[in-house]
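Engineer: Following the hints, put chain B in place on chain A, whose structure we already have.
2 protein chains.
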Amino acid sequence: MPTVFNFRVKEKAGPLYKQLALYFQQEILKKHLKAEDKLPSIRELTTDLNISRTTVLSAYQELLSLGYIKSVPHIGYLVAFPENFAKQTIVSHSSNDVPAIKYNFSNNYIDTNTFDTSLWRRYLSRVLSTPSTLAGYGDPQGEFYLRKVLAKYSYDSRGVVCTPDQIIVGAGLQSLLDIILPLLVHGEKSVGLEEPGFPQAEQILKNFGWHKVSFNPENFSLTTVPRLIIISPSNPYKGSNLNDKAQKNLIAISQLPNHYLIEDDYNGEFRYLATPTPALYSFGNSEQILYLGSFSRTMLPSLRISYLVLPQPLLPMYEKVKKNYNQTSSTIEQLALAKYIEDGCLAKHVKKLRSLYKKKNALLRKALKKYFRSQVTILNFTSGLHLHIAIKSRYGADVLASKALQSGIKIIPVLGGKTEYPEFLLSFAGIAEKDIDKSIKALQKVFRN
Amino acid sequence: MPTVFNFRVKEKAGPLYKQLALYFQQEILKKHLKAEDKLPSIRELTTDLNISRTTVLSAYQELLSLGYIKSVPHIGYLVAFPENFAKQTIVSHSSNDVPAIKYNFSNNYIDTNTFDTSLWRRYLSRVLSTPSTLAGYGDPQGEFYLRKVLAKYSYDSRGVVCTPDQIIVGAGLQSLLDIILPLLVHGEKSVGLEEPGFPQAEQILKNFGWHKVSFNPENFSLTTVPRLIIISPSNPYKGSNLNDKAQKNLIAISQLPNHYLIEDDYNGEFRYLATPTPALYSFGNSEQILYLGSFSRTMLPSLRISYLVLPQPLLPMYEKVKKNYNQTSSTIEQLALAKYIEDGCLAKHVKKLRSLYKKKNALLRKALKKYFRSQVTILNFTSGLHLHIAIKSRYGADVLASKALQSGIKIIPVLGGKTEYPEFLLSFAGIAEKDIDKSIKALQKVFRN
Chain A
1 MPTVFNFRVK
11 EKAGPLYKQL
21 ALYFQQEILK
31 KHLKAEDKLP
41 SIRELTTDLN
51 ISRTTVLSAY
61 QELLSLGYIK
71 SVPHIGYLVA
81 FPENFAKQTI
91 VSHSSNDVPA
101 IKYNFSNNYI
111 DTNTFDTSLW
121 RRYLSRVLST
131 PSTLAGYGDP
141 QGEFYLRKVL
151 AKYSYDSRGV
161 VCTPDQIIVG
171 AGLQSLLDII
181 LPLLVHGEKS
191 VGLEEPGFPQ
201 AEQILKNFGW
211 HKVSFNPENF
221 SLTTVPRLII
231 ISPSNPYKGS
241 NLNDKAQKNL
251 IAISQLPNHY
261 LIEDDYNGEF
271 RYLATPTPAL
281 YSFGNSEQIL
291 YLGSFSRTML
301 PSLRISYLVL
311 PQPLLPMYEK
321 VKKNYNQTSS
331 TIEQLALAKY
341 IEDGCLAKHV
351 KKLRSLYKKK
361 NALLRKALKK
371 YFRSQVTILN
381 FTSGLHLHIA
391 IKSRYGADVL
401 ASKALQSGIK
411 IIPVLGGKTE
421 YPEFLLSFAG
431 IAEKDIDKSI
441 KALQKVFRN
Chain B
1 MPTVFNFRVK
11 EKAGPLYKQL
21 ALYFQQEILK
31 KHLKAEDKLP
41 SIRELTTDLN
51 ISRTTVLSAY
61 QELLSLGYIK
71 SVPHIGYLVA
81 FPENFAKQTI
91 VSHSSNDVPA
101 IKYNFSNNYI
111 DTNTFDTSLW
121 RRYLSRVLST
131 PSTLAGYGDP
141 QGEFYLRKVL
151 AKYSYDSRGV
161 VCTPDQIIVG
171 AGLQSLLDII
181 LPLLVHGEKS
191 VGLEEPGFPQ
201 AEQILKNFGW
211 HKVSFNPENF
221 SLTTVPRLII
231 ISPSNPYKGS
241 NLNDKAQKNL
251 IAISQLPNHY
261 LIEDDYNGEF
271 RYLATPTPAL
281 YSFGNSEQIL
291 YLGSFSRTML
301 PSLRISYLVL
311 PQPLLPMYEK
321 VKKNYNQTSS
331 TIEQLALAKY
341 IEDGCLAKHV
351 KKLRSLYKKK
361 NALLRKALKK
371 YFRSQVTILN
381 FTSGLHLHIA
391 IKSRYGADVL
401 ASKALQSGIK
411 IIPVLGGKTE
421 YPEFLLSFAG
431 IAEKDIDKSI
441 KALQKVFRN
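Protein chains in written order, with my numbering: chain A, 1 to 449; chain B, 1 to 449.
In isolation and in its complexed conformation, chain A is listed as follows:
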């Protein structure tokens, strides 16, 4: 029986059980341990290494599942024959593998310094001090108080007129799609999405057997348009907003019989340079537009509350099934959010963000011009939370983005850009004002090499 004197716990090398499993895997692959060799018993390892039984069990289970070892009754764990070994090997979740991100220009991230967490904490605390509301599973459609507040907020902020009965609250777009897609059952399951697509929505659509069609709101035929369109008027991946022609086209689609438009109003609040565009819902045919709002950009991405405005004609179908769905959003957060919005805190915060983003937007453009000079072209800066840029370089956008990531700078490459040069989206929501200049300086250094 081999001793494990070589095993040493490493700091920051991932969970202990993984390290232990990895150790044995290497011992086996290096043939220090051969087929039919007995491994230490769980008790021995627990005692010798002074680690928990669960850690040892987890390590052994990992090795078992990969075929490196086998469990033999009354004997213990033995090394298996090499032909049983999985192709797959254990990878430790070492935090050394991925460089730490110093400057994050991705659009899934926000600078929490801009959000008043102590104020938000007070709202959460207030809910927790009236615990009677937390005793049940809550309203499957979302707390009525929140829905009432959202009906007003969506009108005030985006011109969306609806009743609380039309609002369904859920933990993100995907939870809401899981509920509403089964309601859109009549006819062909084809769905149109703008390029470059929307992986989170597409996964759910695929799960429900919908067939994706690439859709361009500026150029399509009304006779062959898919029965369902999902559109994000301020979609950051596209790098540009809907123009007037596209808007008119979409409104025409919302009038077609048996056609539906899901309007994901992501970033809708952040139009401070161009003319603010009201939601399509507010001037299209609201009987066929499903409006989606969320708070991941206006508050915190980690707050999992989104809402959907269901058209009146779909309500009876939803009413029939709604009791079969448990609410996915936390009741505590729903009630805190309702009060936060009702007190005007959200409107105030959005106003503050708008002015901050306007400033960051200008600073970022200035820094790009300063360090990249004629090498950079700013393709779009009017869509709220990010710049769309092109940089003259002999490398592709994805190569440059991964070079940047190696240096701790996260930028989003635009695949299939409009220019001959690599294009990127730089979101400034996650970067502190004071870091803008130095981050672009650092980026230029990366690109130069």
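Think of the hints as simulated: they come from the structure by calculation, not from any bench.
It is possible that part of the hints are untrue.
It does not matter which identical chain is meant; a pair holds if it fits inside one copy or across any two.
[Said to hold, decoys possible] As a list, the in silico EDC-like pairs of lysine to aspartate or glutamate whose alpha-carbon atoms are at most 20 Å apart: (1) K352 with D156; (2) K206 with E188; (3) K102 with D139; (4) K351 with D156; (5) K352 with D244.
Structural biologist: For chain B alone, kept in the frame of chain A given last:
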């Protein structure tokens, strides 16, 4: 143009816009307002009644959608012709319609006095004071810290050995089914559920085209057993727990090639009278059992955090799609829960609940005997959070349950019971210890009449 001098806002009669819409609907149905009569303009109503524009718009939109009024450009809102009126009428969400529940014996409810909300608030606050973790969308699989803690907790509390990589966190069973059902794609989509079924799971299964088969773990043929079985060993709806034979059968199923068992371990922690049963996962074939744990019973139903232990062989498929799923559970609550469990607070709370429930269980049985005497039979009291009883009566279980509800007592009728008498489940999780005697006294009074 009619004046609306009769309209009065009622306290506790539901949202204002509904009251206003209801008022006009009644005026129209009573023919006080006739076809082509003009309704007051939005501005007039806003001023006259001193209510918000949104309220008026919402009321009018409700009336429009039901066909009671029509909008004529340049003129305003007119009463429509009666043939356009919807069959559907406006129902106000009046809190007077439904009697307030005084004693809640349903199993969707817990007595929050048993939960230390101020302690939980401190855990939430601690997370909020390190806001950097809240800036992103979080790990799609669930925060690693929570998964690590859950791997240990599920072993300590239920004998479930797994690695954090196998754990997927989500906002409830349904969110998790939405992710895993598309992974179980090979073969026929038939799923076995015990009677009387499980509406929340069935809705999701139906959405994905699965065909439900009634399944009895004590009596079935191994050759025709559905490819997927969903089982709740402590399912409160059944009124009884799995016996040894059923357990052995389920373990046999977990060995069949290409068969899967989803073990919903709801209430699993609450076995304090009978011998505690470890999770099936812990002694079945864990390569084909998907274990589901939640905190709705041990903490608060409003806390939307569940977790699933995915068998090792399904991991590669999940890894491929996981980045396409956003996490549904709140990051704040996930991190607070992780620390709460790690500090031993959950184990301590469960221990406290066990002893409280044991006491309530005895008190409830005593009260039933005291007031119902020979009229009551206690069929089962060993399954943790509820009693399964039969009451001699000439009425059916559902009639008696609705009579009780009218008197403010919520009890759950068991449909298709085993005895000749109406059967009920009485959960004591939601009822205060001090209310047990008087609630049963009140229930006996209801049943007597």
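Engineer: If a hint holds in the structure, say so; if it does not, say that too.
Structural biologist: Hints, verified against the model:
no.	hint	in the structure
1	K352 with D156	within (17 Å within a copy, 48 Å between copies)
2	K206 with E188	both (14 Å within a copy, 19 Å between copies)
3	K102 with D139	between (41 Å within a copy, 19 Å between copies)
4	K351 with D156	within (13 Å within a copy, 49 Å between copies)
5	K352 with D244	neither (28 Å within a copy, 63 Å between copies)
Violated hint: 5 only; the structure is consistent with all others.
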